[in-house]
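Could you put together the complete structure from these sequences and hints?
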Amino acid sequence: MIYWLNSLSNTLRAVFVAACVFFIYGCAHTGPVRTVGEGRGSGMRIAILPVENLSGRKAPLEEIRRSLADHVRTLGVQVLDEAATEAYIVRHRIRYTGGVSEAEARTFRNEEGVEAVLIASLELYDDESPPKIGLIARLVSCGDSPTILWMDSVDITGADSPGILALGLIDDPVQLRDKAFAALAGSLNGFFEAKTAAPVPQAAGNRRPETPVTGFGPGGSITVQGERMRGRFGPKIQYDSLFIEPGRRYSVALVPFFNRSDRRDAAEILLLHLASEFVRKPNFSVVEPGVVRQQLLNSRVVMIEGISLSDSDLVSHLLNADLVITGDVMDYQESSGSSGSPMVDFSVMAIDKNSKKVTWSSKSYNKGTDGVLFFDIGKVNTAGELASEMSRKVVEGLLSSEVVHEGKE
Amino acid sequence: MDVRRVILTFLLIVMAACATGPEGVYRDENMDFGSIRSVAVLPFANLSRDQAAGERVRDVFVTQLLATGGLYVIPAGETAKAIMTAGILNPTAPTKDEIIKLATALKAEAVITGVLREYGEVRSGTSTANVISMSLQMTEGQTGRVVWSASSTEGGIGLKDRLLGGGGDPMNDITVKAVDDLLAKLFK
Numbered sequence: 001m002i003y004w005l006n007s008l009s010n011t012l013r014a015v016f017v018a019a020c021v022f023f024i025y026g027c028a029h030t031g032p033v034r035t036v037g038e039g040r041g042s043g044m045r046i047a048i049l050p051v052e053n054l055s056g057r058k059a060p061l062e063e064i065r066r067s068l069a070d071h072v073r074t075l076g077v078q079v080l081d082e083a084a085t086e087a088y089i090v091r092h093r094i095r096y097t098g099g100v101s102e103a104e105a106r107t108f109r110n111e112e113g114v115e116a117v118l119i120a121s122l123e124l125y126d127d128e129s130p131p132k133i134g135l136i137a138r139l140v141s142c143g144d145s146p147t148i149l150w151m152d153s154v155d156i157t158g159a160d161s162p163g164i165l166a167l168g169l170i171d172d173p174v175q176l177r178d179k180a181f182a183a184l185a186g187s188l189n190g191f192f193e194a195k196t197a198a199p200v201p202q203a204a205g206n207r208r209p210e211t212p213v214t215g216f217g218p219g220g221s222i223t224v225q226g227e228r229m230r231g232r233f234g235p236k237i238q239y240d241s242l243f244i245e246p247g248r249r250y251s252v253a254l255v256p257f258f259n260r261s262d263r264r265d266a267a268e269i270l271l272l273h274l275a276s277e278f279v280r281k282p283n284f285s286v287v288e289p290g291v292v293r294q295q296l297l298n299s300r301v302v303m304i305e306g307i308s309l310s311d312s313d314l315v316s317h318l319l320n321a322d323l324v325i326t327g328d329v330m331d332y333q334e335s336s337g338s339s340g341s342p343m344v345d346f347s348v349m350a351i352d353k354n355s356k357k358v359t360w361s362s363k364s365y366n367k368g369t370d371g372v373l374f375f376d377i378g379k380v381n382t383a384g385e386l387a388s389e390m391s392r393k394v395v396e397g398l399l400s401s402e403v404v405h406e407g408k409e
Numbered sequence: 001m002d003v004r005r006v007i008l009t010f011l012l013i014v015m016a017a018c019a020t021g022p023e024g025v026y027r028d029e030n031m032d033f034g035s036i037r038s039v040a041v042l043p044f045a046n047l048s049r050d051q052a053a054g055e056r057v058r059d060v061f062v063t064q065l066l067a068t069g070g071l072y073v074i075p076a077g078e079t080a081k082a083i084m085t086a087g088i089l090n091p092t093a094p095t096k097d098e099i100i101k102l103a104t105a106l107k108a109e110a111v112i113t114g115v116l117r118e119y120g121e122v123r124s125g126t127s128t129a130n131v132i133s134m135s136l137q138m139t140e141g142q143t144g145r146v147v148w149s150a151s152s153t154e155g156g157i158g159l160k161d162r163l164l165g166g167g168g169d170p171m172n173d174i175t176v177k178a179v180d181d182l183l184a185k186l187f188k
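Chains as they are written, first to last, in my numbering: chain D, 1 to 409; chain Y, 1 to 188.
Simulated from the structure, these hints should not be mistaken for laboratory data.
Treat the hints with caution; some may be incorrect.
As the list claims (entries may be wrong) - Straight line, CA to CA, 30 Å or less: simulated DSS-like cross-link-like pairs of lysine-lysine:
#: 1; chain 1: Y; residue 1: K107; chain 2: D; residue 2: K379
#: 2; chain 1: Y; residue 1: K96; chain 2: Y; residue 2: K160
#: 3; chain 1: D; residue 1: K393; chain 2: Y; residue 2: K160
#: 4; chain 1: D; residue 1: K393; chain 2: D; residue 2: K357
#: 5; chain 1: D; residue 1: K379; chain 2: D; residue 2: K353
#: 6; chain 1: D; residue 1: K356; chain 2: D; residue 2: K58
#: 7; chain 1: Y; residue 1: K177; chain 2: D; residue 2: K393
#: 8; chain 1: D; residue 1: K195; chain 2: D; residue 2: K393
#: 9; chain 1: D; residue 1: K353; chain 2: Y; residue 2: K101
#: 10; chain 1: D; residue 1: K356; chain 2: D; residue 2: K379
#: 11; chain 1: D; residue 1: K179; chain 2: D; residue 2: K393
#: 12; chain 1: Y; residue 1: K177; chain 2: Y; residue 2: K160
#: 13; chain 1: D; residue 1: K356; chain 2: Y; residue 2: K96
#: 14; chain 1: D; residue 1: K357; chain 2: Y; residue 2: K177
#: 15; chain 1: Y; residue 1: K107; chain 2: Y; residue 2: K96
#: 16; chain 1: D; residue 1: K179; chain 2: D; residue 2: K58
#: 17; chain 1: D; residue 1: K356; chain 2: Y; residue 2: K160
#: 18; chain 1: D; residue 1: K379; chain 2: D; residue 2: K179
#: 19; chain 1: D; residue 1: K357; chain 2: Y; residue 2: K107
#: 20; chain 1: Y; residue 1: K188; chain 2: Y; residue 2: K177
#: 21; chain 1: D; residue 1: K357; chain 2: D; residue 2: K379
#: 22; chain 1: Y; residue 1: K177; chain 2: D; residue 2: K379
#: 23; chain 1: Y; residue 1: K160; chain 2: D; residue 2: K357
#: 24; chain 1: Y; residue 1: K107; chain 2: Y; residue 2: K188
#: 25; chain 1: D; residue 1: K179; chain 2: Y; residue 2: K188
#: 26; chain 1: D; residue 1: K356; chain 2: Y; residue 2: K107
#: 27; chain 1: Y; residue 1: K101; chain 2: Y; residue 2: K160
#: 28; chain 1: D; residue 1: K356; chain 2: D; residue 2: K393
#: 29; chain 1: D; residue 1: K353; chain 2: Y; residue 2: K107
Quick caveat: nothing in here was measured; it's all calculated off a predicted structure.
Dropping the structure here:
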């Protein structure tokens, strides 16, 4: 091969090398290929609620819901027809479709015979070229204690994998939507396939309880080196005095975040991404956000700049939650134009039920171009995907962390 | 004139100048800082053009102060509830009595207030960069006495920005640096 290359003229050699580079670049952006299995839904009967629109713009919600239902049906799942679902919603005067309360889950099971409800929240929709779509979906069991059985999100744009000569560019929003929903269906199918295997809480690994350092003792200042330990999307600042017992399952209630960004519904979107990451970990069982919402409404909890300790105590006792998670969203911006970059900035806090104190706190801020050096390889194109990556790092940090304290004399 | 006398006088002046403490830091020598275990951080007074700057900086400061492990910081929601219950009209500049009342309600040994003087982009000719300038005060909860005060400025247009451009460091990074500087002054 080298002899063959040497035999070419300089121009032809340069063209060949450039073609190889573009080919590799195109392959580097190919996302994971998801295939839908052979319908492992086992005839499970579910209802799909109307899609909650958190995108901040108009979107064809009915079309999206129908398309999602079609993809879910291919998994062998029985989907309650739209008319019956609408009739149930009207009968019970349900206005909020971003979650289910305990009462709604019970009546869904008793009246319609459904075993679970699929809740979808549209976080991003843009049908201008290149089109963009972002959806967070979860399957919640119906019954006395609704549980999140499965949760996942998909955030893609038509320009994610342009490939060589932009042949991979997707201009049609319907085609992009089908690609996104196929990925979600694949993830749901993976849940059905693994349904029989009981989750095993992960061992805490090298985790040790945090030993607080007395800052006012003799000696110098103390800083926590966040970024160098936790990678590209990890929290920049982290406080951790939470000890996760190996083999124990912690119940987590996510309380609405405080939105200080310019993006409407940013707090709801980030809460869902965090919930999605907690659901993935067998160490955590997430209280359905709809149940949390109803409990806060019933208890007339009013949050001023965040949840108070007494309200957190009330929530954790009513919902039997070991940890109450809340936080603030400072920035949540999608990329603007073809060369822009999304930006997400948030802080998370965990309040422990027993100690009634903040046992975890972190601050994360990232752009989609962080850590990108050449040819946009590794660039994150949507705020949703960025939030998802950052949330994953936060939850991983909660599970196993090494806090470093550097004493400076 | 005797050259040795001139040099000696000059050295005495230089030594007197060096004898001063770190700039912009006040620390009450009679205060037992080791007795402070938990603090409440009140909303910062925002004198900058960015309306959300005060909350952004407060968020970074609270997380970083917690992360040092040296002090426990009362959550912002709890502090806000106590401010409302205590009837404090201007939480960015509370009176001595209001601080004592707040600290008692929150069971905090001290209360931290702050002023954000500058936050955002600064321009000089064709060069731009981000800058932050802030000061903090710690008031003891039982007596209402100021026991520590410090200020910090980070960012701005340096030689590199003037020669090469680039817009300076991102705002969050210089905020973290400024807060780090203040915490270093607090714990030293």
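Here's how the hints hold up against the structure:
no., hint, in the structure
1, Y:K107 with D:K379, "47 Å, violated"
2, Y:K96 with Y:K160, "45 Å, violated"
3, D:K393 with Y:K160, "34 Å, violated"
4, D:K393 with D:K357, "22 Å, holds"
5, D:K379 with D:K353, "39 Å, violated"
6, D:K356 with D:K58, "42 Å, violated"
7, Y:K177 with D:K393, "23 Å, holds"
8, D:K195 with D:K393, "25 Å, holds"
9, D:K353 with Y:K101, "27 Å, holds"
10, D:K356 with D:K379, "40 Å, violated"
11, D:K179 with D:K393, "26 Å, holds"
12, Y:K177 with Y:K160, "18 Å, holds"
13, D:K356 with Y:K96, "28 Å, holds"
14, D:K357 with Y:K177, "27 Å, holds"
15, Y:K107 with Y:K96, "16 Å, holds"
16, D:K179 with D:K58, "21 Å, holds"
17, D:K356 with Y:K160, "48 Å, violated"
18, D:K379 with D:K179, "20 Å, holds"
19, D:K357 with Y:K107, "13 Å, holds"
20, Y:K188 with Y:K177, "16 Å, holds"
21, D:K357 with D:K379, "38 Å, violated"
22, Y:K177 with D:K379, "26 Å, holds"
23, Y:K160 with D:K357, "45 Å, violated"
24, Y:K107 with Y:K188, "25 Å, holds"
25, D:K179 with Y:K188, "57 Å, violated"
26, D:K356 with Y:K107, "14 Å, holds"
27, Y:K101 with Y:K160, "49 Å, violated"
28, D:K356 with D:K393, "25 Å, holds"
29, D:K353 with Y:K107, "19 Å, holds"
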